Structures are given as C-alpha cells and as structure tokens.
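Protein chains in written order, with the numbering used here: chain A, 1 to 278; chain B, 1 to 583.
These aren't lab readings, by the way, just hints derived from the structure by calculation. Be a bit skeptical, because a hint or two may be false.
As the list claims (entries may be wrong) - Estimated spans, in silico, between C-beta atoms of each pair:
id, chain 1, residue 1, chain 2, residue 2, range
1, B, A552, A, T54, 50 to 60 Å
2, B, P226, A, A100, 54 to 64 Å
3, B, T243, A, S24, 40 to 50 Å
4, A, S24, B, P580, 38 to 48 Å
5, B, A504, A, L17, 15 to 25 Å
6, B, G262, A, S176, 26 to 36 Å
7, A, T268, B, T243, 23 to 33 Å
8, A, R175, B, V132, 53 to 63 Å
Stated by the list, open to error - Computed footprint of chain B on chain A; a stretch qualifies when at least three of its residues, placed anywhere within it, have a C-beta under 8 Å from a C-beta of chain B:
id, stretch
9, 78 to 90
10, 94 to 104
All figures in this text were calculated on a predicted structure; none of them were measured in a lab. Yeah, the Cβ is synthetic: ideal placement off N, Cα and C, and Gly gets one too.
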Amino acid sequence: MSETRDTRLPFSLEPVLVGLLFGSIGLFGVIYGIGEWAPELASRHGAGIDAMMTYLMVTTGAMFLIGHLAMALFIWQGSRRTRISHRLASPRFEKRLSIALGVLMAVVAEGGVVAIGLPVWNEYFMAEAPPDAVTVEVVGQQFFWNVRYPGADGEFGATDIQLMDDVVNPIGLDRSDPAAVDDIVWLNEIYVPVNRPVRVVLRSKDMIHSFFLPHLRVKQDVIPGMVPELVFVPTREGTFELACAELCGLGHYRMQGFFHVVSDAEFTSQLERLASEQ
Amino acid sequence: MSEAHDPGFIRRYIFSTDHKIIGIQYILTGLVMGMVGGLLAVLIRIQLGWPTAQWELLERLMPRGYPSGFMAPEFYISVVTMHGTIMVFFFISYVLVSGFGNYLVPLQVGAKDMAYPLLNMLSYWFALLSAVVMMASFLVEGGAAAAGWTAYPPLSAIASAVPGSGLGQSIWLVSMAIFIASFTMSGLNVVATIFTMRAPGMTMMRLPLTIWSYFIAAILGLLAFPPLTAAAVLLLFDRHLGTSFFLPSGLVVAGQPLSFQGGSPLLWQHLFWFLGHPEVYVLILPALGIVGDVLPAFTRKPVFGYRLNVYSLIAVGVLSMVVWGHHMFVSGMSPFTGEYFTLATMVITIPMTVYGVNLVASLFGGRMRLATPMLFSLAAVALFGSGGFGGLFLGNATADMQLHDTYFVVGHFHFMIGGVTLMGTFAALYFWFPKMFGRSMHEGFGKLHFWGTFAPFFMVFFGQHFLGLQGMPRRYYAFNTYEYLEGTAGQNTMLSVLVMVLVAAQFVFMVNFLWSLFKGQPVEANPWAATTLEWTVASPPPHGNFGDTLPAVHRWAYEYSPDGTGEDFAPQTAGPNDAPITA
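In isolation and in its complexed conformation, chain A is listed as follows (with noise of 0.2 Å):
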C-alpha cells in the first residue's frame, strides 16, 4: 500500500525525541561494548572463554544494534502516519519469519556454543591433571583462604575437625599422620609457576565460598562437603588477585587471597620460605 505525501502528520518533536531515544540506545550501547572490558588475560582456557565472548559481543551487538534502529524507525515513521500502511502479514509470511528467526538464534546461539563453548569447558572440566601439575589445596572458611601444598612427598596429611584451631591449625591438619609431617599450610597467598598445568582442590569449613581468578577466567564454588578440583596453566607471571564470588557472610566482600604466579626458580624459593616458616 503506498501513501501519498498527504497522509502524513505535521512535524512534531517528542517522537523524533523517542526515536532518537531509541535509536541512541542501539548506537551508544554498541560504542560503549567495543571497549576492552575483562582483566587482562593470564591462563591458557581463558583464551577460549574470551573468545566465547568476542563472539557473543559481536553477535548480540548486531542484532542490538538492528534492533533500536528499526524501533527508532518504525517509531519515527508511524507517528507521521494517519493510516495504517500494513494491517495483517499473510500467515505464510509470520510463519517464515519465526522460521527464520528460529534458525538464526539456532546458528547464532546453539552453533556459538557448541563450536566455542563446549570445547572450552571440556578443556576445562574433563582435563585429567598431568602428572608435572603442581597441587595445591585450598580451605575457605569464613572470611580466609587457607592454602596448603603436599611437600615433598606429593601427599597430603590427614585433617580431623576436631584439631582445628583458627590460630595454630585453622584446617585441623593432623601431623601425627607422616603425609602430614611436610605438608605447607599457609594463608590467602598461593603461588604457582608460570605455564605449568596447576591442580587445585576447594573444601570449604563452613559456607559456600567461590574460587574467582578474575584474570585467569577461574570460577568454582566450593560447597562444604564437595571437594571440586580444578586444572588450568596459568600463562603470566604476576600477582592476581583472588576473590570470594558467593556470598558467604558479612565478611565477603573482604575475603580476598593473592594468587602470586612466579618463575619455576622463584616457586621453589617461596615453597621452601614457606616450608621453614611452619
């Protein structure tokens, strides 16, 4: 259906300003997600984890983007119109439409996440720890990460509730057990090496705490009474900053660790630092 130039409305401003609103919304919003937003990167599966996200930031950018213009067009032009220019889309039309969309947001959505995002979290999930991962064991409880290293023997000691004590033997570490006679228990300071595969095993005392590495892509809860472990290689040395990301009591928002990732030489350094001190 045509319309002729009489059919229009005058100029008016508020929806020129609702369009703009909208059409602002699309533009602006697809400006600001350009910049560089995560941490920066330093972990190997972290790499696939960003690339998931370039890839959704694009996708849903797009169609964001597609999205506020045709409502700011659509609002603009319509509020011009003293008649409707389309009433019904053939039944034909709305069902290819939503067949479509069907299989956009299929390739879009599934597609994404099965070729992206699933070989990631396999890497992540399914790895088997090689036997060169260095182990390390970290307790949270209320509001501290205790992080304790086997020693030596590459095991470690026995722990019994009974033993803890916030002050001398926060995670009730047995040393009566011989695994436990080298075993390095520590507080909120982890170090690794640099581009080694790290193990690390959660346990929680008390509440659910999470094991957030902002700039290695780490995440894992740690319910008490579940012991989830974790394989990743960090890929830069440097100091990150280790946070608690489930809310776990009043103190959470301090419950901060430091994850020190170091030179091979300097790792042995520190364990042995950290082994004269217990």
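Got chain A; can you put chain B on it based on the hints?
Frame of chain A; chain B shown alone:
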C-alpha cells in the same frame, strides 16, 4: 446477578470477594511494598556509590544499621536480601501477576468473577499476611535475613553464620511458605477461570495475549512453586529441629564444630532454582502479554503473528521447567549437566526471540500514538531484547564461568525481571487506570515519569553488565580493597547518581496516581478505543462486570483498522455484520 443488596463498606472494599477489588488491593499492597524495596535500593546505592562516606542522618534513623554513620556490612547484606525478596515476591508478583491478573482475567475472558471468589479473597489475605510477616523481620534481633534472596544454606541454615541468620531467616522462610500458599490459591483461580468461565464464543485462540500469558504463568506457578514450600519447611527443620537435609558433616562455623551429617547444600540450590527459574517467567510473561495487547491499541493494527506468539508462550512455559541448572554452572555439579543445561537454555532463546521480534514487527506500518502506556510498552520491548542478549552470555556455561555472580548477572536480571516487568507494570497501570477508577492519569506527568524512569534505568543496568565484564562480584559491601576493581569506583558513583534520578521520578508517579484518583479527567467506557471485553463495560465496571447476560464474542482481540483507516476498530463483541472477522 446484579447486586440488589448493599453489602456495606467493609464487605465491599475490605473483605470483598469481587475480583476487581481484590486486584486493586493487590496492586496497592504491591506498590507500597515496591516503595519499601525502592528505598532499600537507595541504601544499597548510597553504600556502593560512596563507600567511605559517613551518614549522620541515616545513623539517626537506623542506629543499628549505621553505627557511627557507616553502614554495617551485615546490614548491607540484609538490605540486599530484602530488596531482592521484596521486589520479586512482594512487588512484581503482587502488582503485575496477582493484581492485574485478578483484575483482568475475568473481565477479559468475559466472566462475572473468578471461579472461586472466596479462595481469591483468602489468597489476598494470605498475601498481605506474608508481606507483614516479611516486614516484621526487620525488627527482630539480628535483623532481617541476610543470605541473599536465594537463601543458600549453610549461610541461611546456621544462626552463627551471619547475624541475619537468626530469627530473621526463620521469619523469611515462614513468610515465603505463606506467600506460596497464597500464590497457589491465586494461580488455581486463574487457571480454572480461563478454562471454564470464558464467555460464549471466546475460544482459546481468541483470548488476548494478556490472558494467554497469565494462563501459562499460573500453570508454571502451580507446578514450580510448591517444591520451594517443601524446601522452606525442610530448611526450617534443619534450623530448629536438628535435621540435616541441607547440611553436610564436618562443618566448623565460627570455630565451633557442628554435628550435622549427610545433607547437601546443593540440594537446596536444585529445589530453589526449580522454583526460581520458572518464577522469572511467571513474572515476565504477564508483562510480555500486556505489551502484546497495549502495542496494537496504539499502533491501530493487529499484533504481529498472534498464533506464533501463543505457541511461543507455550513453548517457553514448557522449556522454563527444564533449564534451572543454568543458575548452577559453577556450583560443582557434574559438568555433563552443565552441557545439558547450556543446550536447553539456548533452545529457550528461540521462542523468546520469535515473541520479541514479533513485538517489534507489530510496530511496523502502524499509526503510532505515543501515549504513556505505549511509551512504557516500547521500553519493555527494548529491555526485553537487550536483556535477552545478556541471557545468551549467562545461559552458556563457558561465558558464565567468568560472569557468574558478577554484576553482569545483576544487570541482566534487572533488565528482565526488573525492567521488563517494571515497564510492563507501568504500561498496565497507565492503560487500565481509567478502567479501574473511571478517571485517566495525567499524560504530561506520565511522560515525565517515563523519561525519568526508562532513561536512567537503562543506563544503570546496562552499565552493570559492563561492571560484570570487569569482574566485579555481586553482593559486595565495598570494592575498595581490590586493585583490579579500582576503575569501577567512578562508574559505581555514576550509577548511584542515576538511581537517585530513577527513584526521584517515581515520586512523579506517586503524585500523579494519587492526584488522578480524585482529580483525574473522568472517562467513558473505552478511552483508548481498544477491543477487549473490559472496554465494553462502564469505567469502573459494576459488580458482576457484565450485568445479567454474558457478552457474546465473535472475534479475536486485535480487530484494529478493519477498513485500514486506523480510526475504527471492532470490539470482540461486534458481530460479523459490523466488521469483517479476521480471526
């Protein structure tokens, strides 16, 4: 059944079984609760925007929450918990779901009242009771619940875990159980009314999208809510009777070994999200349905793809029951379930995309009139699309590893169950206010309210998505100890300022609402020239709605511009001789 006898003020306006009165009671109760929730949001944003400032006034008002003028961390998480709880369960659920559900369902299906009027009244009084019980928890020793609106144990199970886990948490659980009882009664009524009490000629495929959305939402509520009642009772047992449903052995809290054994905190998460995920659809579907009906009235053309919209609503309803695990990707459950929940969640984007794009397509070629309900509907469409895109990030396990429990999640759900529902609620309030009270709301103030609400709202929660991308965790009392978050301080202050604008704009609404109740322009039966049945009766409709004879329905709810002019329309009661029947 025209009422000859006068039941008296109390029976008519307080203990009324009339669905319209009950609906308005729900709406007013919900608006009051929404004000409380909004003020709690102000406290949150004051803390996050200016974490080191000292507030003498707040100390005087709330000495326990603000010792020496600084917000106590335990008070902060109580406020966060109660803000979420109140907004989800006592504001949106009451105003949009139960309030407008009660008001609109009988009117739009052509019934004289709900199927079970007495049950309906009971559901409101249970709802009010649960709100009062919830508010009481602010007054008890230790303060209100502080384990988040998700109330994950052990934090919510052990009194020594956090001050709010004392009596406050027990009250929270009792209130939730009462709330669900009330919501179940209300949902039963909606389902029964839509199934059995439609007017002659009102087939299911002639129902307005509003009614379809309430229908699906009510079924979801009936299926998904009772598990949380069970979970709440079990958690109360754990708290007070020494059971261990959600508590494992080996817990040591505050230096004290506890004697629980054999339970699993993960079980609570499954039970909670089995309710929690359908719950977000219970809230958002009515908003989408209402938008689907408001847009045609202001574009003067039928909604695009009515049938496919209905199928989408049904598909979303079914799928929403099988995606709850996407809230738990990093909880430590099996990674295989993570893969399943990712794929299922991505499938749900398909019907939601169809519905969303159909709403945008409904604008195409229309003769647009930008009245206040229309503006809020457009806002809801924009938020729905934008929030949906954020859902792609969170619904897939790979990206969620980084984004889980960050402000990306906060931004996302404020767009969806915060924003779409809020904009839908305002659209509904401005649209049906004339029907409810016989007077229209002031357009100028309505538009001021729109600009003051939507613009800051979008900026605040869009910005929160990007705070999440920067790795900012949620439910933090302050961020100043983290070096990597130093850059967020300025952004947080800006968002806080915008929230103040947003809240200030709501006073415009309150004034407009109260002023219009008494001084608004009196209106005729059908001020918006809309087609559904409630517009064929007087404003406000009489008791019994339709008088002695039920209306006969001849067509669907979207007979706008049957001759293409944009001026005319055919109400659903118009016969085949009045205008050609489209569907």
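Verification of the supplied hints:
Between B/A552 and A/T54 the beta carbon distance is about 58 Å. The supplied range of 50 to 60 Å therefore holds. In this structure, B/P226 and A/A100 break the distance hint of 54 to 64 Å, their C-beta atoms being roughly 39 Å apart. The hinted window of 40 to 50 Å between B/T243 and A/S24 is violated, with their beta carbons roughly 56 Å apart. At about 41 Å, the CB distance of A/S24 to B/P580 agrees with the hint of 38 to 48 Å.
For the pair B/A504 and A/L17, the beta carbons lie near 20 Å from each other, so the given range of 15 to 25 Å is met. The hint said 26 to 36 Å for the Cβ distance between B/G262 and A/S176, and at roughly 28 Å that hint holds. The beta-carbon spacing between A/T268 and B/T243, approximately 49 Å, falls outside the hinted interval of 23 to 33 Å. Between A/R175 and B/V132, the C-beta spacing of about 55 Å keeps the proposed range 53 to 63 Å intact.
Counting residues of the stretch 78 to 90 of chain A whose CB falls under 8 Å from any CB of chain B gives 11; the rule of at least 3 is met. Under the rule that three or more residues need a Cβ within less than 8 Å of chain B, the assignment of the stretch 94 to 104 of chain A holds, with 7 such residues.
When the structure is compared with the earlier hints, violations turn up for hints 2, 3, 7 and for no others.
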